[in-house]
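Turn these sequences into a full structure, and let the hints steer you where they fit.
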Amino acid sequence: MVRVSRVLLRDARVGINKTLSEILVCPLSKQPLRVCEESGSLISDAIGVSYPVVDGIPSLVPKDGKILATDDIEKPDSDVALDSANKEYPSGTL
Amino acid sequence: MASLHFLLRPSSNPNPLALPSRSRPVRCANERQALFSRIAPVYDNLNDFLSLGQHRIWKRMAVSWSRAKRGDDVLDLCCGSGDLAFLLSERVGSDGKVIGFDFSREQLLVASSRQHLLLKACYKNIEWIEGDATKLPFSDCSFDAITMGYGLRNVLDRCKAMQEMFRVLKPGSRVSILDFNKSSKPFITSIQGWMIDNVVVPVATGYGLADEYAYLKSSVQEFLTGKELEKLALETGFSDAKHYEIGGGIMGNLVAKR
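Protein sequence lines, in the order shown, are assigned to chains L and Y.
Counting the first sequence from 1 gives a position; this note's numbering is that position plus 2.
Counting the second sequence from 1 gives a position; this note's numbering is that position plus 24.
Watch out, some of these pointers could steer you wrong.
[Stated by the list, open to error] As a list, the in silico BS3-like pairs of lysine-lysine whose alpha-carbon atoms are at most 25 Å apart:
{"#": "1", "chain 1": "Y", "residue 1": "K255", "chain 2": "Y", "residue 2": "K194"}
{"#": "2", "chain 1": "Y", "residue 1": "K184", "chain 2": "L", "residue 2": "K65"}
{"#": "3", "chain 1": "Y", "residue 1": "K251", "chain 2": "L", "residue 2": "K32"}
{"#": "4", "chain 1": "Y", "residue 1": "K281", "chain 2": "L", "residue 2": "K32"}
{"#": "5", "chain 1": "L", "residue 1": "K68", "chain 2": "Y", "residue 2": "K194"}
{"#": "6", "chain 1": "Y", "residue 1": "K184", "chain 2": "L", "residue 2": "K68"}
{"#": "7", "chain 1": "L", "residue 1": "K32", "chain 2": "Y", "residue 2": "K159"}
{"#": "8", "chain 1": "L", "residue 1": "K32", "chain 2": "Y", "residue 2": "K194"}
{"#": "9", "chain 1": "L", "residue 1": "K65", "chain 2": "Y", "residue 2": "K159"}
[Stated by the list, open to error] Chain Y is nowhere near these chain L residues, computed Cβ spacing over 12 Å in every case:
{"#": "10", "residue": "K32"}
{"#": "11", "residue": "D57"}
{"#": "12", "residue": "L70"}
{"#": "13", "residue": "A71"}
No lab work stands behind these hints, which were simulated from the structure alone.
Small disclaimer: the values here were computed from a predicted structure and weren't measured.
No residue lacks a Cβ here, since even glycine has one placed at the ideal position from N, Cα and C.
Here it is, written out as structure tokens:
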């Protein structure tokens with residue numbers, strides 16, 4: 003198999019490259035993250051948490067995650083989101 | 025002799041930026057994080073000075089033991105200012121990828137600055153991530169190799185960290201964990217203690233970091249021996265684990281295979 007050099011596309015607004023955003027998952031739910039260009043953050047829709055990207059360095063520290071309002075969450079599977087949220091922080095806080 | 029990779033913080037200090045007292049153990053993860061952030065500006069220089077440059081050799085050995093090769097995706101946990109990440113980057117090349125991971129943003133900023141100053145083309149394959157070693161933001165079986173230099177001793181929940189390393193490693197791949205050796209030989213323990221008391225702490229005092237390094241001795245005493253590290257790795261699920269003593273026995277490197 004021929005190895006192809008990876009082309010890393012950097013999203014200038016968020017400051018995170020495309021390949022990196024594809025390999026990262028939420029540290030709590032282990033579900034995929036979504037890049038939010040508007041807020042410059044990585045969103046875990048599974049548990050409704052936002053992680054900031056500062057100076058191009060993603061901050062995936064659970065205690066620094068911000069719980070999102072319901073409207074900001076895209077819902078692929080509400081049961082998964084509830085299960086993950088209840089297991090990690092039953093009080094609703096990080 | 026000692027590199028300054030080990031810092032502990034007091035548990036009950038309400039001000040995370042205040043220097044810890046020597047009488048209080050450094051227990052809280054937040055305090056450890058603040059401590060590493062405080063020493064970030066002098067970290068590299070003091071590592072070189074105190075180990076007489078030997079830490080560079082130990083780190084090359086750690087990378088070699090990880091069996092990282094061209095094109096691999098590799099993870100350096102508790103990367104600090106990036107020494108191991110840069111070595112891995114040279115090894116995996118531009119077709120590979122290196123993630124440098126740490127809980128101190130200040131250390132990561134130093135690493136990022138070094139990356140931009142060093143200008144080697146292959147260093148473009150390194151990405152820095154701030155996070156918690158006990159809650160890794162990676163899918164299962166993501167990496168061909170993991171390294172951890174002077175980090176495991178500073179993680180509060182070492183079992184959880186080992187479990188996470190196991191989870192994100194590809195089957196058949198290795199983790200290479202370099203740290204101080206907690207020796208069962210009194211001679212080695214005495215040498216380590218003497219060096220910390222009479223070299224490390226006086227030098228650190230010159231940088232206003234005496235208290236940060238005064239815990240080094242207890243940190244090593246609280247760490248696991250080579251045999252205990254092997255046992256921890258096997259209990260975690262690694263198929264093979266071997267601890268090598270290097271640097272005349274004052275340092276050790278655990279190699280575990282998933």
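Are the Cα positions of Y:K184 and L:K68 separated by 25 Å at most?
Holds: Y:K184 and L:K68 sit about 24 Å apart, inside 25 Å.
25 Å Cα cutoff - pair Y:K281, L:K32
holds (23 Å)
Say whether it holds or is violated: L:K32 keeps its Cβ farther than 12 Å from all Cβ of chain Y.
Not fine: 7 Å to the nearest Cβ puts L:K32 too close to chain Y.
Please check whether the beta-carbon of L:A71 is more than 12 Å away from every beta-carbon in chain Y.
About 23 Å separates L:A71 from the closest Cβ of chain Y, which puts it past 12 Å; holds.
Pairwise hint evaluation, L:K65 against Y:K184, where the allowed Cα distance is 25 Å at most
With Cα atoms ~17 Å apart, Y:K184 and L:K65 stay inside 25 Å; holds.
For L:K32 and Y:K194, compute the direct alpha-carbon distance and say whether it is at most 25 Å.
holds (16 Å)
Is it the case that L:D57 keeps its Cβ farther than 12 Å from each residue Cβ in chain Y?
Incorrect as stated: the minimum Cβ-Cβ distance to chain Y is 7 Å, not above 12 Å.
Keeping to a limit of 25 Å between CA atoms, is the pair of Y:K255 and Y:K194 held or broken?
holds (21 Å)
With a cut-off of 25 Å on the C-alpha distance, tell me whether L:K68 and Y:K194 pass.
violated (31 Å)
What's the verdict on Y:K251 and L:K32, does the C-alpha distance respect the 25 Å limit or exceed it?
violated (32 Å)
Just double-check L:L70 for me: nearest Cβ-Cβ distance to chain Y has to come out over 12 Å.
With a cut-off of 12 Å, L:L70 remains clear of chain Y, as the shortest Cβ separation is near 17 Å.
Restraint check for L:K65 with Y:K159, where alpha carbons must lie at most 25 Å apart:
holds (11 Å)
Checked against the numbered hints above, the structure violates hints 3, 5, 10 and 11; every other hint is satisfied.
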